[in-house]
Amino acid sequence: MIKQVAAAFIATSLAATASAATITGAGATFPYPVYSQWADGYQDETGNGLNYQAIGSGGGIQQITAGTVTFGASDAPMTPEELKKNNLVQWPQIMGGVVPVVHVEGVDNGALRLDGETLADIYQGKITTWNDDAISQLNPDLTLPDTKITPVYRAEGSGTNFLFTHYLAQVSDSFKNEIGEGKSVAWPAGVGAKANGGVANQVSGINGAIGYVESAYAEQNDLNVAQLKNQAGKFVAANSDSFQAAAANADWKDAEGMYLVLTNQPGDKSWPIVGASFILMHTEVDDAKAAGDALAFFDWSFKNGGDMATDLNYIPMPDSVVSMVKQNVWSQIKDDSGKVIWQP
Amino acid sequence: MTTGSSVTPQAAEGDRMQKLSASGHERSALKRNGLVDRVFEITTRGSALLVLLLLGTITGSLILAGWPALSELGLSFFTDDRWAANVNRFGALPAIYGTLVTSLIAIAIAIPVSLGIAIFLTEICPPKLRRTIGTMVELLAGVPSIIYGMWGMEVLAPFLQSHFPSVFPAGTGLTTAGLILAIMIIPFITAVTRDVMNTVPSIMRESAYGLGCTTWEVVRHVIFPSVKAGMLGGVILGLGRALGETMAVTFVIGNNLFLNATVTGQGTSIAALIANQFSEADGLQRSALLLLGLVLFLITFAVLALARFMLNRMNQRAPS
Chain A
1 MIKQVAAAFI
11 ATSLAATASA
21 ATITGAGATF
31 PYPVYSQWAD
41 GYQDETGNGL
51 NYQAIGSGGG
61 IQQITAGTVT
71 FGASDAPMTP
81 EELKKNNLVQ
91 WPQIMGGVVP
101 VVHVEGVDNG
111 ALRLDGETLA
121 DIYQGKITTW
131 NDDAISQLNP
141 DLTLPDTKIT
151 PVYRAEGSGT
161 NFLFTHYLAQ
171 VSDSFKNEIG
181 EGKSVAWPAG
191 VGAKANGGVA
201 NQVSGINGAI
211 GYVESAYAEQ
221 NDLNVAQLKN
231 QAGKFVAANS
241 DSFQAAAANA
251 DWKDAEGMYL
261 VLTNQPGDKS
271 WPIVGASFIL
281 MHTEVDDAKA
291 AGDALAFFDW
301 SFKNGGDMAT
311 DLNYIPMPDS
321 VVSMVKQNVW
331 SQIKDDSGKV
341 IWQP
Chain B
1 MTTGSSVTPQ
11 AAEGDRMQKL
21 SASGHERSAL
31 KRNGLVDRVF
41 EITTRGSALL
51 VLLLLGTITG
61 SLILAGWPAL
71 SELGLSFFTD
81 DRWAANVNRF
91 GALPAIYGTL
101 VTSLIAIAIA
111 IPVSLGIAIF
121 LTEICPPKLR
131 RTIGTMVELL
141 AGVPSIIYGM
151 WGMEVLAPFL
161 QSHFPSVFPA
171 GTGLTTAGLI
181 LAIMIIPFIT
191 AVTRDVMNTV
201 PSIMRESAYG
211 LGCTTWEVVR
221 HVIFPSVKAG
231 MLGGVILGLG
241 RALGETMAVT
251 FVIGNNLFLN
261 ATVTGQGTSI
271 AALIANQFSE
281 ADGLQRSALL
291 LLGLVLFLIT
301 FAVLALARFM
311 LNRMNQRAPS
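Chains as they are written, first to last, in UniProt numbering: chain A, 1 to 344; chain B, 1 to 320.
Watch out, some of these pointers could steer you wrong.
As the list claims (entries may be wrong) - Computed list of lysine to aspartate or glutamate pairs in DMTMM-like fashion (alpha-carbon distance at most 20 angstroms, straight line):
{"id": "1", "chain 1": "A", "residue 1": "K84", "chain 2": "B", "residue 2": "D81"}
{"id": "2", "chain 1": "A", "residue 1": "K126", "chain 2": "B", "residue 2": "D81"}
{"id": "3", "chain 1": "A", "residue 1": "K229", "chain 2": "A", "residue 2": "D121"}
Unchecked claim - Taking CB as the label site, the calculated pair distances span:
{"id": "4", "chain 1": "B", "residue 1": "G74", "chain 2": "A", "residue 2": "N177", "range": "21 to 29 angstroms"}
{"id": "5", "chain 1": "A", "residue 1": "L144", "chain 2": "B", "residue 2": "G74", "range": "44 to 52 angstroms"}
{"id": "6", "chain 1": "B", "residue 1": "L50", "chain 2": "A", "residue 2": "K289", "range": "39 to 47 angstroms"}
{"id": "7", "chain 1": "A", "residue 1": "Q53", "chain 2": "B", "residue 2": "L52", "range": "32 to 40 angstroms"}
{"id": "8", "chain 1": "A", "residue 1": "A134", "chain 2": "B", "residue 2": "A65", "range": "40 to 48 angstroms"}
{"id": "9", "chain 1": "A", "residue 1": "P145", "chain 2": "B", "residue 2": "F159", "range": "20 to 28 angstroms"}
{"id": "10", "chain 1": "A", "residue 1": "L144", "chain 2": "B", "residue 2": "V113", "range": "36 to 44 angstroms"}
Since the hints were derived computationally from the structure, they do not count as laboratory data. All values reported here derive from a predicted model rather than from experimental measurement. Every residue, glycine too, gets a C-beta built ideally from N, C-alpha and C.
The following block holds chain B by itself, in its conformation from the complex:
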């Protein structure tokens, strides 16, 4: 231990300690960062848990509030052909039928139109126009639903009635509601479809064109296969909105509480029925309406689950 160094072992030890450990300032910074990290983690986790909690309590309270109706009405809630509060017959069938039919009409119209707009915007449209049309489509998505309702009632229904009196004697009905819903969800589906189409690398496009493909062939064989999953997401988003849309539908659906196997005639949807009756309902009617809310919740849930399932299958099949 005879070295030229004047440092004693004790001092060297202390020196090393000092080198290894942080200074007081650094230590407090570390401590602070640790705390920030923990707080950050806890708040983000809390937020995520809050969603679960909300979902759970909403479902729970709907089940709880709807239980008296379910136990009293039993299966007739799902099989009775009318919603007649005066005789305590609450059949959800007319409302479920109306909800599904209007949404299907809306989707059937909205998908091809949205696809057309998206293809035009990404593939064919001159760049100058692209911005303008794109912005207009997005603006359409921001129009409040009540405006569509008023337009449907004041313009669309009278138009249908005066031009097709044999099909639409009153102008209102499931098809009218479906048309309004289609217009409402077109911007959603269009926006999503356009965005996913834009993600296709231009080198793929250009290669296809280079091989001599027409625009249609490029869209059909290059763009389409790679954006199918993303488009489905847009469709589901639109369908979700169509299923739950209330005000616009209430205005034009005709509010008939009887199950009529009609597509153009009047009917009701779950959301419209609840909107019309909930404010004045009590007792069994109130419970039945809440149960109806649960049914809508489950339908929306089922649609989302189906979409997930289809997405998964698509991803498995698609060669990566």
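Bound-form chain A, shown alone:
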């Protein structure tokens, strides 16, 4: 009996490996919710699976540089020089918003208003209680408690960190000088948690906490998302409209190596912290089949993934950018004989 079961098991697993390919990738946790949705849809349709490890953007860059995965994913774009040095190309796969989430008893969902400077001061440990004047002035209609503020941030190298600090460094000089922007940052106050999910978990557990996560994580965990004041001086709520408004400013055509960060964009409706999540691949790949499978998955996602992305508050890449990606970026990915792998 056991033998038969084992034999059947081995037979099916062999059959599975023979017929289906598994695409391996690692990196950003920011786009992970939508990538896993896409992977489900793609597997149903083609039988090919995706093994994506959401270990953070820093880890994604590390792994693709080391060549242990077929593609890496990062929310912080690599500079054109870095790309050239490591023989990598990158393209934006999806856009999304980073949102501040708060846990203050007595404050309704979406009611709290914050601006960049206040956010920067909170994260520098300069504002320590919720009834601080700086917060009260932005929220004349709310009665805020004297609860201590616990800032929650990412403990590891993270693209969400990069987008958030990139924004704070633009709106606050003291943040820029004292802390600076980057994937891995030393925060003067508060709690470090692992991954977007860890931050969401901590914020929902700690009364008085504030954190920042990719929008889909806020929705999945029913977190209280604060409004932010944008560059035009208007308070905006975090939703796909405000993300879209910010993304509409993106000028991918003139971005060398597709290096573009979309924080603090102009426009009355623009959400201030929007970013693209990038895919990284080698220009000369050893395993042409694996690379081809990965590109086929991304092509499928560009074509069919739009609705799934919008449902999760992400913004799909516009068609013009998609064709730009295929023409300018995918054409650089070649096998060891110099043949272009992606054939439309």
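With chain A held as given, fit chain B onto it using these hints.
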């Protein structure tokens, strides 16, 4: 040479030879034993040397890998108040501070509790219960550290936060990590202390009781002095584990990379910092993390050396 014996001198010589020397069978056995002895000696010596070799190469490779960071950062590695990879400032101070503080908290809690358990088990506990409690303490030592981490994150931190919100606004922090570590090392210290207390001859105990000593007096004046050195060994074992514990600490320490002179607030430890950042580090950051590993190595080494020193002094002072 005229004797009654029919044995010729030559034959006698041969006979003696035969008596003195071993038979072929015995000789091969001897030879085999000699070989076994030599192989035995070589393998045991080899094993011992292997330890030295391992220790040497680990230290060597840590120094080698950490050297770029040390030469680039210099003294600022030990004085800078933050570990900020984005601006290439790598100060080990927050991590060293966190490592020492959490371990000290753990030791400060674990020593009295372990002593209490050990005294109860050896002196006061009814024999029936002794087995059960002893086994339970040993089982506690076998619980994987990640379980303690999850418990700390899911139970202890929320408990501290809801009951002492002014001291633990987030529940996590150096004290929380210290508490978890204390629970983790209590079984170690208890087990060693109990075992050395059991080695005190019962005649000494009984004599003291016979003189009219109370249980406390017996423990204080008879048991204690004779097991001090052994107990110290248990404490050092626990301290060694506390200094290097990684997963459980990473879960509850708060992972703040800034030097804050706090005991209840968030911080980081050397092991937690390495666990969080090593997988994605390269260049200077990677080298700095390896250098940090060397620092942990040296701290542990220093603790062991200190323990040896104290043991020696104790042994010299103790009347034999």
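We went through each hint and held it up to the structure:
1. A C-alpha spacing of about 35 angstroms is found between K84 of chain A and D81 of chain B, which places the hinted pair above 20 angstroms, so the restraint is violated.
2. For the hint pairing K126 of chain A with D81 of chain B, the CA-to-CA distance comes to about 18 angstroms; that is within 20 angstroms, so the pair holds.
3. As the CA atoms of K229 of chain A and D121 of chain A are separated by approximately 15 angstroms, the hinted pair is consistent with the 20 angstroms bound.
4. About 23 angstroms separates the C-beta atoms of G74 of chain B and N177 of chain A, a value consistent with the hinted range of 21 to 29 angstroms.
5. Separation of L144 of chain A from G74 of chain B is about 46 angstroms and conforms to the stated range, judged on CB atoms against 44 to 52 angstroms.
6. For L50 of chain B and K289 of chain A, the Cβ-Cβ distance of about 44 angstroms falls inside the hinted range of 39 to 47 angstroms, so the restraint holds.
7. Between Q53 of chain A and L52 of chain B the beta carbons are some 39 angstroms apart, a value that agrees with the proposed interval 32 to 40 angstroms.
8. Our hint of 40 to 48 angstroms for A134 of chain A and A65 of chain B holds, since their Cβ atoms are close to 45 angstroms apart.
9. Under the hint 20 to 28 angstroms, the C-beta atoms of P145 of chain A and F159 of chain B, about 21 angstroms apart, fit the expected range.
10. Taken as a hint, the range 36 to 44 angstroms holds for the pair L144 of chain A and V113 of chain B, whose Cβ atoms sit roughly 42 angstroms apart.
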